[in-house]
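Protein chains in written order, with the numbering used here: chain A, 2 to 331; chain B, 359 to 576.
The hints are simulated quantities; they were obtained by calculation from the structure and are not laboratory data. Heads up, some of the hints might be wrong.
To be verified - In silico SDA-like links for lysine to any residue, alpha-carbon gap of 25 angstroms or less: (1) A/Lys108 / B/Ser365; (2) B/Lys360 / A/Lys313; (3) A/Lys313 / A/His326; (4) B/Lys360 / A/Asp169; (5) B/Lys360 / A/Ile168; (6) B/Lys509 / A/Leu129; (7) B/Lys360 / A/Thr164; (8) B/Lys360 / A/Glu186; (9) B/Lys360 / A/Glu170.
Computed from a predicted structure; not experimentally measured.
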Amino acid sequence: MYNDIATFLREMPLRHYLAGGFWSTREPTLAFFIGRDQIEALAASGRGGVGYESSLEKDNDAPPFAGGQSNLATTGKPSRTLSRKLTSRYRLRRNVKHLFIVDADKKDQFFSVDTLERLRQKSVTSALEEMHENPQQVFGNWPESAPFRWAIVNKELNLGHETSPRIDEPLLTFGIADEVCASFESWSQNQGASVVAILPLPVAVLAWANHTLATKDRDSLVVIATNQGTVGAAFRRRSLIYICQEENVSDAFSVLDRETDDLELEDPVRYLWALNVPEERRSIPEELVIIDEENIQGISGGSLALQEGHGKKVKHDRPLVHLLHWLVNQ
Amino acid sequence: MKPYLISTEVLASQVFRYHPAYRFAAFLLCAFLFGQIPFIVWIVYERDSMAQGQERAAQLASDSQRIASDRKALAPTEKKLKRIQDLAPLLRARLPIGAVLGKIEQLTPPDLTVAKITIDAEAYQPLQIESGLFHVPRQIRIAIEGEQPLKAGDPEAYSHLAQALLRSLPPESKIAETTLEEGLDAEHYKTFRLIFIAPTNANYFGLGVTKLATQNTL
Chain A
2 MYNDIATFLR EMPLRHYLAG GFWSTREPTL AFFIGRDQIE ALAASGRGGV GYESSLEKDN
62 DAPPFAGGQS NLATTGKPSR TLSRKLTSRY RLRRNVKHLF IVDADKKDQF FSVDTLERLR
122 QKSVTSALEE MHENPQQVFG NWPESAPFRW AIVNKELNLG HETSPRIDEP LLTFGIADEV
182 CASFESWSQN QGASVVAILP LPVAVLAWAN HTLATKDRDS LVVIATNQGT VGAAFRRRSL
242 IYICQEENVS DAFSVLDRET DDLELEDPVR YLWALNVPEE RRSIPEELVI IDEENIQGIS
302 GGSLALQEGH GKKVKHDRPL VHLLHWLVNQ
Chain B
359 MKPYLISTEV LASQVFRYHP AYRFAAFLLC AFLFGQIPFI VWIVYERDSM AQGQERAAQL
419 ASDSQRIASD RKALAPTEKK LKRIQDLAPL LRARLPIGAV LGKIEQLTPP DLTVAKITID
479 AEAYQPLQIE SGLFHVPRQI RIAIEGEQPL KAGDPEAYSH LAQALLRSLP PESKIAETTL
539 EEGLDAEHYK TFRLIFIAPT NANYFGLGVT KLATQNTL
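Required output: the full structure, derived from the provided sequences and hints.
If you want it as structure tokens, here you go:
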């Protein structure tokens, strides 16, 4: 009891309380996309997105890149933190939450679709504990020596729900290197913000796709192309049943095509979500639906008008902006 | 959204931010600390006042010592002044004889002949001062004797002299005696005698004594 009180007094977030934390926990969210050499952010209040920053990597107080390293040499503590600057710029409350969407290096992230039965676990909690303590035991040929952090979501990829699946139900297990996650946590702590979640970009896109695209009517294949590689996923109706990491879009679709029969998919729709429009677009099959600026309005229901650093509202139709906007509302 | 990939340490610290019990406890703590502000301000004010008082007391003590040392050097002068001040009753109990004589000469009408003027001090009072015991007169007795011709124009000339001189003498002065008698040459003159009693410790401005400058306090 005494230790609990001492810990509370020692770690009490006084500045957070004095900035309104006593009365309200409805805080604005800063959703960061963290790439290999690119950082973008969406500032959102309780009513949705209000501002967008498309090149934060130039700021000397920017969060670390996806590799965990800082983008600029620190020349001392800045007078105002980046979070404070953004909340002032977009007239948001000072207490903020950070959401990190990370396009991590292939070696720093891991995805797998499994069942508790195959993992030889009885519950999600025990599976997470086992993955944390002994991933080799769980995944068999686990190559990494660096510690990872793990999470499990259900087959519908509902990011806001507790997962309590049946033992034979597919699950998405994913992980990111502990070092990468710790760098974001440390940065948020220095900013005086709390952390909502750290999500790999492919998981966030798959959740968005499963929620937004018409996967409930047909089976679908979704490929996510990022700067760090490509992730392919197969959905039976709205259930994720397969995921793989490949070098490029063609490889991902080839693998998915090969697995289509084994997965018993019926004439699946093919979707491509690309961080940047792929140069190899011409080689992609014609029936492919590319989620880009041309059709995002039809998918999401309209353009996003968000204020930028110069103060004017600009229409944003990039899929990444719509993804961040969807995530902050989850 | 569930807190995916967040460490347990960070989650534990974030509980302090959002759990109602911790927020309420923090509010109570802050309210308590805020309630102490007037007391702390009072303590600070009191300490400041006390420090200022001590500083002032030290300064006054220093000034007092300085004044005492200065006064020590002035002690002989003070002693001399004390002696002079002791002499004040002696100096005050004086009659400006020249002014009295001048006034008598000025007021005496041509019909009168003043034969004798006697000025005596009386009603002595003992006065002890440092240098000894003195007898200081409290009254001055002025006696004027003379003759008035019988054929003079104004048979009451001596009386008019008495009244005029009384007005010139200090307040509380009085005429002790006024007589007109037949003298040795009774056919031609009568002898008059006027006696005045005047206090010594009074102003003699009526006699024509004027203040030349501001009174010196010494």
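query: Straight-line Cα separation of B/Lys360 and A/Ile168 no greater than 25 angstroms?
result: holds, 21 angstroms
task: Would you mind confirming whether the straight-line C-alpha gap from B/Lys360 to A/Thr164 stays at or under 25 angstroms?
output: Holds: B/Lys360 and A/Thr164 sit about 10 angstroms apart, inside 25 angstroms.
query: B/Lys360 and A/Glu170: Cα distance at most 25 angstroms?
result: Status holds; Cα separation ~20 angstroms.
field: Proposed proximity, A/Lys313 with B/Lys360 (alpha carbon, max 25 angstroms)
entry: violated, 33 angstroms
message: Can you confirm whether the C-alpha distance between B/Lys360 and A/Glu186 stays at or below 25 angstroms?
response: holds, 16 angstroms
message: Hint check: B/Lys509 vs A/Leu129, CA-CA at most 25 angstroms. Holds or violated?
response: violated, 156 angstroms
message: With the threshold set at 25 angstroms, check whether the alpha-carbon distance from B/Lys360 to A/Asp169 stays at or below it.
response: holds, 23 angstroms
query: Is the Cα-Cα distance between A/Lys108 and B/Ser365 25 angstroms or less?
result: holds, 20 angstroms
field: Given hint A/His326 paired with A/Lys313 - CA-CA distance at most 25 angstroms
entry: Holds, at about 18 angstroms.
The structure shown violates the earlier hints numbered 2, 6.
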